[in-house]
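Trainee: Knowing the structure of chain A, use the given hints to seat chain B on it.
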Amino acid sequence: MHPAFSVIFLTTLIGVGQGMFLALFTGQSYAAAHFLPAQDSTGFFGIGSLIALLFLVAGLVASVFHLGRPERAWRAATKWRTSWLSREVIALPMVMFFVFVYGVMHFMEWDMVIFSTSTGVTFKLSLLVGALGSLAVFTLFLCTAMIYAAIKFLQEWASPLTIVNYLLLGTASGFTLATAFSMYTAPDLVEFYGVWAIIITIMAFVSRSASLIRNSRIKFKSTIQSAIGVRHNQIVQKAQGAMGGSYNTREYFHGKQALFLKSIKWLFMVLVFPLPIILLSAGMSSSNAEVLLVAFVVQYVGLMAERWFFFAQANHPQNIYYQTV
Amino acid sequence: MTQLALVIDLNVCVGCSACVTSCKEWNTSGPAGFMSDDNPYQAEPTGTFFNRVQTYEVGCFPNTETIHFPKSCLHCEDAPCVPVCPTGASYKREEDGIVLVDYDKCIGCKYCSWACPYGAREFDEHQKVMKKCTLCVDRIYDESLPESERKPACVLSCPTSARLFGDVEDPESEVSVAIREEGGYPLMPEWGTKPSNHYLPRRKQHLHIHEDELIRADNPLKKEERQPSGPVDAPTLDDSTSW
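Those protein sequence lines, which keep their order, are chains A and B. Numbering-wise (the working numbering), the first sequence opens with residue 727 and increments by one. Numbering-wise (the working numbering), the second sequence opens with residue 27 and increments by one.
Just so you know, these hints were derived from the structure itself, not from any lab. Quick caveat, the model's predicted, so the values are computed rather than measured. Please note that the accuracy of each hint is not assured.
Label pairs and their calculated CB-CB ranges [unchecked claim]:
no.: 1; chain 1: A; residue 1: Phe946; chain 2: B; residue 2: Thr186; range: 30 to 36 Å
no.: 2; chain 1: A; residue 1: Leu987; chain 2: B; residue 2: Glu198; range: 50 to 56 Å
no.: 3; chain 1: A; residue 1: Ile939; chain 2: B; residue 2: Thr28; range: 43 to 49 Å
no.: 4; chain 1: B; residue 1: Arg229; chain 2: A; residue 2: Arg943; range: 34 to 40 Å
no.: 5; chain 1: B; residue 1: Phe60; chain 2: A; residue 2: Leu987; range: 36 to 42 Å
Just so you know, even glycine gets a beta-carbon here, dropped at the ideal spot from N, CA and C.
Looking at chain A on its own, in the form it has when it is part of the complex (with noise of 0.2 Å):
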């Protein structure tokens, strides 16, 4: 496939919102039990969902630039009960909504005890919030995975570990970034979620190896021979049926050469995984907020390498019809 700017943008920002978010409401829970100490509510919960509401907004925009016709755009909210794309238009609303609510409850600490117990624990509303919020994060991974992994036919992506990538790589990056902003605002929380950082990202590392490895072993069921239903196993395109190229073989090619695309492999598993670590390490043990954006940013800059990779390896049957490009 091409890969598409407009929509690696889309979810890898989207991914860093949602982990983002996925971060602040872990560590509101844990101080809600006693095992983190809680934090300011404004200047760290409020601060923190408007900067997930910001990379969501990023997204929200960078998909804009994907359409044809994006003044029609809200009809894709209609066909929710088949298309996981039409889900995913419904689901980001819904997590900016749920993101949205929690963070002006926190920034203007409009918040109430819905009850307590005799240890202390104590749950708020806004805690309800946001839980309500990580459901629909969770939704909304499912369906931006499931709009890959639902094509059956683009085998590379039609498998559970496209889910399970989306999901971790996102809130791996999510919490990196939630590392460099708790040492800005909330120093007693860094090494939580730098440790959760880390570990999140080593999970990403082994879902992510086990899709390459998958990829790379894949036996592809379409044929030139069932393509054109000619059996014999000499067959060779002579005409593409256009001079100039056309969509087909636009949108399917990513047109790069095979050592370029081992490249950007060997640069996103570089940059998204063992490089945020040491970062993440590093920061966290000489208290450098600097050392820690780098980790954020080293890491963005690497899933999107990652998602450009996502589409380049993903092999259209269709490219069996254009033989010669």
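Mentor: Chain B only, in chain A's frame:
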């Protein structure tokens, strides 16, 4: 149930591209608007087509065979491009099984084209919507045309009658009979899309001559120049045996 479809006979197609040009001519002047082209008269011409003819060479020289392969939307019975559409612009008609795009609802997200294993859909770079073969839906029901012309433009234009059009659900229709009796097959059956359009394979006539057909087995003297013959008025061997 009706499922309109094309049957394309690869045994007859000569790759002249008459179907391509007549398709483009009919549909670019149709009510759905033009099918845009870029650089039509320059070096790298490109544009939107519903139908393209590709050419494949099968085998190794000197035993090669050229196959011209017209490719358009197959109007799958279980069309994977329809459920993925987020707006419902891509739909399959209940009454005749034609898969269509509502150009007024399409947002141009291209997801349907990703979901088509055949690459049958093309994005119009100027109208910014997805386009595909309509089986000339604006023509086949047009009662102002004589009945013989109520067929897709490609079918009417084919000089070798390589394209048949009809209802593949009706077992007695011309297309069903052709599929059943001439070995019609669907493309990429492995994906379970159940394409309605079928292709008829190359069919060759071979003359099989046995050795004993070259040498007259009933010539007792094994002399070709001497015909076994009796009296002129007696029945000959040809009257009593067949070979």
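Trainee: Hints broken by the structure, by number, lowest first?
Mentor: Violated: none.
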